[in-house]
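Peer 1: Listed below are the residues making up each chain.
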Amino acid sequence: MPDSQRMDVRLSNVTKSYGTVTAVDDLSLVIESGEFFSLLGSSGCGKTTTLSMVGGFQEPTSGQIYLGGTDVSRLPPYKRDVNTVFQSYALFPHLTVAENVAFGLKRKKVAKSEIAGRVAEILRLVDLNGFEDRKPALLSGGQQQRVALARALVNRPKLLLLDEPLGALDLKLRKQMQIELKRIQSEVGITFLYVTHDQEEAIVMSDRLAVMSNGKIEQVGPPDQVYDRPATEFVAGFLGASNMMWGEVHAESGAMLAVRLEDGVEIAVPKSAAEGHGKRLRLGVRPEKIAVLPMSEPVGEGWNVLSGAITLNVYTGIGHQYTVRDPVGRDFAVYVQNTQAARGPALGEAVQIAWRAEHTFVVTPSQQG
Amino acid sequence: MSATESRAARLRGLGRGAAPYLLSLPSWAYLTAFFVVPMAAMLSMSLATGNPITGYVFSWNFAEFGRAVSQYDTQLLRSFGYGALSTFITLVLTYPVAYWIAFYGGRHKGTFLFLILLPFFVSFVIRTLAWQFILADQGFLFGTLKQLHILPERFYLLSSTTAVIGGLVYNSVAYYILPLYVALEKIDRRVVRAAGDLYASPVATFWKVILPLSAPGIFAGFLLVFVTNVGDFVNAAVLGGPGTTMIGNIIQYNFFDAQNYPMAATLSSILMFLLIVCIYVYARIFGAEQIQEYAA
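First to last, the sequence lines map onto chains C and P. Position 293 of the first sequence, counting from 1, maps to 293 under our numbering, and the rest follow consecutively. Position 293 of the second sequence, counting from 1, maps to 293 under our numbering, and the rest follow consecutively.
Be aware that a few hints might be false.
What the hints assert, rightly or not - Below, computed lysine-lysine pairings styled on BS3-like, alpha-carbon distance capped at 30 Å: (1) C:K182 to C:K172; (2) C:K289 to C:K182; (3) C:K135 to C:K216; (4) C:K175 to C:K106; (5) C:K106 to P:K186; (6) C:K79 to C:K216; (7) C:K108 to P:K186; (8) C:K79 to P:K186; (9) C:K135 to P:K186; (10) C:K158 to C:K109; (11) C:K112 to C:K172; (12) C:K135 to C:K172.
What the hints contain is simulated information worked out from the structure, not anything from laboratory work.
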């Protein structure tokens with residue numbers, strides 16, 4: 001089974017229920033070796049429960065969890081080749097930084113001389129050399145976070161679980177640690193399973209991510225794919241803003257479908273995006289994909305065009321955030337980068353909004369509209 | 001006008017500066033009346049000479065100290081031995097109970113603690129007398145067992161070291177459970193979880209994480225119980241015999257029966273001094289910082 005050798009983590013129909021509440025619902029997932037994989041979702045979506053089951057802190061109600069091909073579903077945490085970086089860090093308050101980091105190696109009965117070397121090496125990696133003899137209480141939040149990371153990484157686990165590890169840090173430090181974590185991960189080459197509710201964090205750091213909702217996975221894929229081609233309306237809304245429309249397929253030409261919106265305007269949608277969605281489509285387009293043009297300007301081939309009036313204009317420094325209301329009352333959010341020399345459209349001005357046809361995505365609707 | 005104003009302001013300023021001292025006056029008065037004065041009285045009495053009939057006069061008489069040590073060294077040593085042993089046994093017996101309540105007590109923690117404290121609402125002397133009754137050579141327990149030939153006729157427990165130490169342990173249980181429980185309850189469960197994540201088996205987690213983190217409770221309980229038990233005389237008087245006399249009994253005898261107040265005061269001073277030395281050494285060895293570090 002060379003395939004299961006390569007696979008680091010495999011969850012197979014994993015369910016976790018608490019009485020009548022199902023926290024994780026028949027979840028199946030494969031995480032490749034060496035991957036930075038994120039579970040993204042709002043609180044209560046089951047992402048932390050999933051992590052806990054992989055870590056061994058909770059047992060699945062049904063289903064199996066495989067690590068490197070072996071079923072570990074019922075093994076206690078201390079018998080799994082997995083380490084966790086906890087949201088609260090959970091450092092041992094009675095031990096120094098070096099002793100905290102050495103804890104796992106000592107339990108695994110690694111030789112003393114080797115422990116000293118590995119502890120020094122990992123503390124260098126997280127930039128904490130010189131702090132060996134400090135107690136955790138004397139460290140800042142960011143330093144404690146790095147001790148927690150070092151304490152887990154030093155064991156060279158097959159898989160590292162990270163439970164919102166940056167949640168307690170302030171914004172600036174969080175951004176810094178995102179880059180740092182990414183660097184460390186590529187340096188050590190360990191599989192990271194990362195849990196977060198912050199969509200930007202997941203997009204920035206992950207090789208692949210899974211968006212979860214109500215104990216189920218909504219979509220799995222690389223960040224750009226999930227962002228540009230969200231599979232469901234939930235994903236479209238959770239990963240950034242999107243403008244949603246209803247439309248009906250009425251013709252096809254080449255790789256494109258001609259779709260008529262509710263108000264009769266016709267737009268083009270890539271056939272590949274609409275595959276398997278039937279005739280009635282839930283369509284979307286991201287605000288930054290839309291251009292705002294004067295009414296007089298001709299629009300090129302391959303663009304979808306609607307008209308409307310500016311109802312909101314917010315200057316954000318790096319750009320403008322417009323709301324454009326079309327004649328039937330649909331509001332479109334538009335982000336325009338601050339690159340134009342000319343003054344932008346004024347409030348109340350009639351404009352065209354246009355986006356490339358292939359930027360239109362089709363999702364499974366949350367409910368029928 | 002402005003002169004009186006500034007004087008009033010000065011007085012107010014003075015009042016503010018003096019306020020903390022004024023507020024602590026009752027405490028100072030209390031400590032002086034009930035601690036400093038009796039302590040001085042005891043120390044000066046230990047240096048007095050005289051006899052019960054003519055009374056005792058302060059006279060820088062240090063000879064009593066030498067006599068006290070040479071005459072009662074056995075009882076002094078025994079008291080510290082009994083104190084240490086009974087405290088250690090209490091720790092070993094109460095730790096699992098406190099651990100269980102703190103970690104597995106769930107929402108009944110309060111009930112369990114109350115049940116443990118319940119017997120301690122009965123007077124200390126009554127409880128100890130009850131043990132005398134239970135352990136009596138021909139009492140309902142041993143008497144019955146002897147009739148059934150489960151125990152030999154010669155078997156006894158009263159008047160033995162075992163009975164005295166047993167009594168000391170029994171009477172200390174609550175005083176050790178409470179500080180242990182508080183320390184164990186305070187341990188962050190996420191840290192315990194982290195130990196499991198870092199390959200520590202439940203046994204290793206206990207020795208390397210839970211025990212060191214509960215050290216403050218072990219330390220506090222030890223002081224509380226050790227000091228009380230070393231100076232105890234009720235258990236030895238009620239459950240012991242001639243061979244189990246503790247220093248507390250000697251002090252009591254000298255004070256109430258022989259009315260040899262200087263000797264009673266001298267023994268009390270020696271006991272206090274030795275306890276302070278013990279506690280100091282103990283704190284130096286297992287003091288807050290060190291106790292946390294030996295685990296590593």
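Peer 1: Next, verify each hint and record whether it holds.
Peer 2: Verification of the hints:
1. C:K182 to C:K172: holds (16 Å)
2. C:K289 to C:K182: Given that 30 Å is the threshold and the Cα spacing comes to 28 Å, the pair holds.
3. C:K135 to C:K216: Cα-Cα ~41 Å, so violated.
4. C:K175 to C:K106: This hinted pair is violated, its Cα atoms lying about 33 Å apart.
5. C:K106 to P:K186: holds (26 Å)
6. C:K79 to C:K216: Holds - the C-alpha atoms of K216 of chain C and K79 of chain C are around 28 Å apart, at most 30 Å.
7. C:K108 to P:K186: holds (28 Å)
8. C:K79 to P:K186: holds (27 Å)
9. C:K135 to P:K186: holds (18 Å)
10. C:K158 to C:K109: Roughly 18 Å separates the two Cα atoms, so the pair holds.
11. C:K112 to C:K172: violated (38 Å)
12. C:K135 to C:K172: Judged against 30 Å, a Cα distance of about 25 Å means the pair holds.
When the structure is compared with the earlier hints, violations turn up for hints 3, 4, 11 and for no others.
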